[in-house]
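J.: So the sequence shown is numbered by this note's numbering: it starts at 1 and just counts up by one.
It is worth saying that the hints were derived from the structure and are not from the lab.
Hints may contain errors.
Quick list of the computed label-pair ranges, beta carbon to beta carbon [claimed, not checked]:
id, residue 1, residue 2, range
1, Gly164, Ala23, 42 to 52 Å
2, Ala172, Ala42, 36 to 46 Å
3, Thr73, Arg36, 35 to 45 Å
4, Gln24, Asn162, 34 to 44 Å
5, Glu155, Phe34, 39 to 49 Å
6, Thr22, Glu155, 39 to 49 Å
7, Pro19, Pro46, 26 to 36 Å
8, Asn162, Asn39, 45 to 55 Å
9, Thr73, Ala172, 41 to 51 Å
10, Cys141, Arg36, 40 to 50 Å
11, Tyr37, Asp68, 26 to 36 Å
Capping the alpha-carbon separation at 27 Å, the derived lysine-lysine pairs in DSS-like fashion look like this [as the list claims (entries may be wrong)]:
id, residue 1, residue 2
12, Lys171, Lys116
13, Lys171, Lys133
14, Lys26, Lys40
15, Lys176, Lys116
16, Lys133, Lys176
17, Lys133, Lys111
18, Lys40, Lys111
19, Lys116, Lys133
Note that the structure is predicted; figures quoted are calculated from it, not measured.
Glycine included, each C-beta is placed from N, C-alpha and C at the ideal position.
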Amino acid sequence: MAWILEDRLKPYQPVRSEPYLTAQIKDHVAGKYFPRYPNKRAALLPLFHVVMHEYGYIPTQAIDEAADFLGLTRSEVQDAVTFYEEFRLEPTGAYVVNVCRSIACELCGHKDVLAKIRDVFGIEPGETTDDHKITVFEVECLGACEQAPCALINEDLHGTINPGDFCATLKALPAKAAGGH
């Protein structure tokens with residue numbers, strides 16, 4: 001296995017006046033996760049999942065707010081958020097398409113799926129369409145090897161994908177609020 005080095009921390013985003021970690025989010029995390037773990041640090045990943053669900057990505061400002069909330073340094077929080085591929089640091093399209101690249105999907109044509117997405121929508125993995133409707137990523141195993149090649153559209157699994165049919169499904173998706181959630 002080789003490490004793929006990638007600078008995932010983007011330029012600092014503008015600070016907004018209201019916090020991303022609202023009182024409601026903090027109360028939810030404190031009530032649901034703090035009792036489960038021996039210390040606040042252990043609630044960092046669940047907190048990020050809540051933020052991702054709420055905003056569709058983790059804003060830079062939320063990294064600073066998470067550090068303050070959990071009593072951690074910014075670098076500790078930043079290390080965690082940039083380590084895990086599932087945490088998005090930039091806004092995504094309304095629909096996040098995660099195409100599996102595991103060995104089963106690779107053998108069954110995941111690259112054909114990505115090529116068709118590139119041909120139809122003009123985007124590569126990690127990119128978003130100009131209309132902010134679709135963002136596509138290549139991800140590790142989705143746990144549906146018997147349905148290879150497979151992909152998620154937001155949280156809905158699509159298996160045994162025919163590239164043309166899958167792109168037709170993506171084209172037919174209704175417009176909705178951006179954020180991939």
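J.: Take the hints in turn and mark each one as holding or not.
T.: Hints and how they fare:
| no. | hint | verdict |
| --- | --- | --- |
| 1 | Gly164 to Ala23: 42 to 52 Å | holds (48 Å) |
| 2 | Ala172 to Ala42: 36 to 46 Å | holds (42 Å) |
| 3 | Thr73 to Arg36: 35 to 45 Å | violated (23 Å) |
| 4 | Gln24 to Asn162: 34 to 44 Å | holds (43 Å) |
| 5 | Glu155 to Phe34: 39 to 49 Å | violated (26 Å) |
| 6 | Thr22 to Glu155: 39 to 49 Å | violated (23 Å) |
| 7 | Pro19 to Pro46: 26 to 36 Å | violated (18 Å) |
| 8 | Asn162 to Asn39: 45 to 55 Å | holds (48 Å) |
| 9 | Thr73 to Ala172: 41 to 51 Å | holds (46 Å) |
| 10 | Cys141 to Arg36: 40 to 50 Å | violated (27 Å) |
| 11 | Tyr37 to Asp68: 26 to 36 Å | violated (18 Å) |
| 12 | Lys171 to Lys116 | holds (12 Å) |
| 13 | Lys171 to Lys133 | holds (9 Å) |
| 14 | Lys26 to Lys40 | holds (12 Å) |
| 15 | Lys176 to Lys116 | holds (23 Å) |
| 16 | Lys133 to Lys176 | holds (8 Å) |
| 17 | Lys133 to Lys111 | holds (21 Å) |
| 18 | Lys40 to Lys111 | violated (41 Å) |
| 19 | Lys116 to Lys133 | holds (17 Å) |
Figure legend: structure checked against the earlier numbered hints; hints not met, in rising order: 3, 5, 6, 7, 10, 11, 18.
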